[in-house]
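For reference, the chains in residue letters:
2 protein chains.
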Amino acid sequence: MIIVTTIPELRAARKTLAAPVGFVPTMGYLHDGHLSLVRRAKAECKSVSVSIFVNPTQFGPQEDLSKYPRDLPRDLALLEAEGVDLVWTPAPADMYPPGFQTWVEVEGLTTPLEGAVRPGHFRGVTTVVAKLFNAMGAEKAFFGQKDAQQAAVICRMALDLNFPTEVTVCPTVREADGLAMSSRNAYLSADERQAATVLYRALSAAKAAYDQGERRAEALRKIVTDIFAAEPLARLQYISCADFDTLQEVDQLTSKTLLSLAAFLGKTRLIDNFILE
Amino acid sequence: MIIVTTIPELRAARKTLAAPVGFVPTMGYLHDGHLSLVRRAKAECKSVSVSIFVNPTQFGPQEDLSKYPRDLPRDLALLEAEGVDLVWTPAPADMYPPGFQTWVEVEGLTTPLEGAVRPGHFRGVTTVVAKLFNAMGAEKAFFGQKDAQQAAVICRMALDLNFPTEVTVCPTVREADGLAMSSRNAYLSADERQAATVLYRALSAAKAAYDQGERRAEALRKIVTDIFAAEPLARLQYISCADFDTLQEVDQLTSKTLLSLAAFLGKTRLIDNFILE
Chain Y
1 MIIVTTIPEL
11 RAARKTLAAP
21 VGFVPTMGYL
31 HDGHLSLVRR
41 AKAECKSVSV
51 SIFVNPTQFG
61 PQEDLSKYPR
71 DLPRDLALLE
81 AEGVDLVWTP
91 APADMYPPGF
101 QTWVEVEGLT
111 TPLEGAVRPG
121 HFRGVTTVVA
131 KLFNAMGAEK
141 AFFGQKDAQQ
151 AAVICRMALD
161 LNFPTEVTVC
171 PTVREADGLA
181 MSSRNAYLSA
191 DERQAATVLY
201 RALSAAKAAY
211 DQGERRAEAL
221 RKIVTDIFAA
231 EPLARLQYIS
241 CADFDTLQEV
251 DQLTSKTLLS
261 LAAFLGKTRL
271 IDNFILE
Chain U
1 MIIVTTIPEL
11 RAARKTLAAP
21 VGFVPTMGYL
31 HDGHLSLVRR
41 AKAECKSVSV
51 SIFVNPTQFG
61 PQEDLSKYPR
71 DLPRDLALLE
81 AEGVDLVWTP
91 APADMYPPGF
101 QTWVEVEGLT
111 TPLEGAVRPG
121 HFRGVTTVVA
131 KLFNAMGAEK
141 AFFGQKDAQQ
151 AAVICRMALD
161 LNFPTEVTVC
171 PTVREADGLA
181 MSSRNAYLSA
191 DERQAATVLY
201 RALSAAKAAY
211 DQGERRAEAL
221 RKIVTDIFAA
231 EPLARLQYIS
241 CADFDTLQEV
251 DQLTSKTLLS
261 LAAFLGKTRL
271 IDNFILE
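Chains as they are written, first to last, in our numbering: chain Y, 1 to 277; chain U, 1 to 277.
Hints were generated in silico from the structure; no laboratory data involved.
Incorrect hints may appear among the rest.
The list cannot tell twin chains apart, which means a pair is met if one copy fits it or any two copies do.
[What the hints assert, rightly or not] Below, computed lysine to aspartate or glutamate pairings styled on EDC-like, alpha-carbon distance capped at 20 Å:
no.	residue 1	residue 2
1	Lys46	Glu80
2	Lys67	Asp245
3	Lys15	Glu139
4	Lys15	Glu166
5	Lys42	Glu139
6	Lys46	Asp226
7	Lys15	Asp243
8	Lys207	Glu249
Note that the structure is a prediction, hence the values are computed from the model and not measured.
Modelling step: build the complete structure from the supplied sequences, incorporating the hints.
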C-alpha cells in the first residue's frame, strides 16, 4: 500500500495504478461504512485509492473541526487489511495554500436541510471534492447514502462540471441496533449512545406507516417528532420529507422521497435518512 | 480532423489522441491570435484539440451574446489547415442542461477591472473552463495574454482546484498597426477600426515613459487618458496599473505590473494590456 501526502507524490503514485481506479474520499476515523465503500470499489475496479482529509472548509466556526476524531495509524491498518492500493493524506496547508480563492458551489440542492443549518458547509464539500477528484483522476468514486444531501450534491456537481469520475452512492451501514455508522458516534456517552437509536426507530416507524399507505408528509413527520418527544436525551433539529431529486419539501409523497433528519444527542449532532419509494 | 459535438462523442474521440494533448478553448470566429495558440500547442504536444463554444454564461444581459460573430465552416477550415486533431463544438443545451446549478468562482482576482464592469462574467468563464477542462482531459491548455485578467483567473483556478491540465499563457498577437487581434474587431466600422489603434498607441506611450524611468502609476494613467482625449471616436472605460499577481491597483510600480484598459469604439468594447517589468 502506497501512502502519499503531497500532490506531486500523489500524481506520481497514481500513474502506477491499474485502471479503472476506484476512489473513496474520507475524513478518516474509519468505520464499517467507509470499509463498505472500499469493498465496493475493490469489487468494481482494478485499483482502490482512499483519501483521508479532515477538510476545514466544510466546518462552521462553531463546529467540531478541532475535536473531530482522528486515528491515522488505525485507519492505515484497516485500509491495508482491505487491500487498498493507495492512501492520500493531504496536509491542510497543501490543500489551501496562501492565496487560495476558488470555490465550487452547487446552488438549489444545497439550500434546504443540512445547507440551511450549516451555512457554507456544502461549498466546502464541493470545493474539496472537486480538488480531490482532479488530483486523483479516478474513473469511479464512492460515497455513502448516510450523507444523503452530500451524495445528491456531489452527483449534481460531477454531472454539471463534466467530471470524468463516475459517482456511485452506496447504502448506509448500520450498527446491530440500527444506528447509522458515523465517525461522530465516538462522541456519544454510553447513555447518549443508547438513546441514539431514536433516529433509526423514528425513521423506521415513519417508513412502516408509509409502507401501510400513509402518503401525507405531515403525518410522517409527526410520527418522527412524537417518537423524539419520548426520548429526553435527544433533540430533533429537523425532520424532512423531500422530493428525492430536488430536495424540496413535499406535502404528499407521490414519487421517490427522502425522509431525513438531524438530531442532537447532548452536543453531538447526528443525521440519518431513509429513501421511500 | 475529428469533429464532435456531444460529450460522449468527445470522450470517445479523446481516447484516440496521442498524449500529451494540447487544448485551445475558443469562442470561434478565429483569428491569428487563436492560431498562434494552436501552433504553440502543436509545438509542445503530440495532439492538438480545440473547442469552439460561445459561452452564454459569461455574457451579461446587455452584452453581445446574440450578435457575437460566428463562422464555423471558416473556423474548421483554418483548424484543418493547422493540422488540428480534434475540434469540439458543444451545444449550449448540452453544456447547460435543465437543472444545471453548479458554479466555479475565483474570488479576489475577479473583483477589479473586467470583473468590476462585467458582473458575473468571470463566474461564467471559470465555470465553462472547468467543464471544458474536465471533458477534454488535456495535459496542457493555452490561453492568450490579450485577456490578461482571464488568464490570471484561469491559472489561479487551475492551481486552486488541482486541475491536471497545465495552463500556458501566450503573447498577444497584433495587427500591423498594433491593434490586438480580437473577434470583436469585426464589429468596427472603417472609421472605428482606424481609431482603434488608440489602445495600442496609448499603452505604447505609457510603456515608453515606464522604460524611461516613470514609476508613478498616476503619471502613466494620465498619459493614456490624454491620448484617448485626443481621439473623438474612442471612449476610455478604465485604465489600470495593477500588481501583476494580485491585480490590485498600485501607486508606485515596484514589481511586475499589468497596465490594462478597456475602451469603447462606438458600441464595440475592446480591451488590451501591456506587462511592465
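Hint check results:
When the C-alpha separation of Lys46 and Glu80 is checked against a cutoff of 20 Å, the pair qualifies only within one copy, where the shortest distance is 16 Å, while the shortest distance between copies is 39 Å. Neither within a single protomer nor between protomers do Lys67 and Asp245 lie at most 20 Å apart by alpha-carbon distance, with minima of 34 Å and 36 Å respectively. When the C-alpha separation of Lys15 and Glu139 is checked against a cutoff of 20 Å, the pair qualifies both within a copy, at 13 Å, and between copies, at 14 Å. Taking the closest pair of Cα atoms, Lys15 and Glu166 come within 20 Å of each other both inside a single copy (19 Å) and across two copies (17 Å).
Proximity of Lys42 and Glu139 under a CA criterion of 20 Å is satisfied intra-copy only: 13 Å inside one chain copy versus 28 Å between copies. In this assembly of identical chains, the alpha carbons of Lys46 and Asp226 never lie at most 20 Å apart, being 48 Å within a copy and 66 Å across copies at closest. In this homomeric assembly, Lys15 and Asp243 never come within 20 Å of each other (Cα to Cα): the closest approach is 41 Å inside a single copy and 38 Å across copies. Proximity of Lys207 to Glu249 under the C-alpha cut-off of 20 Å is restricted to the intra-copy arrangement: shortest distance 17 Å within a copy versus 60 Å between copies.
The structure shown violates the earlier hints numbered 2, 6 and 7.
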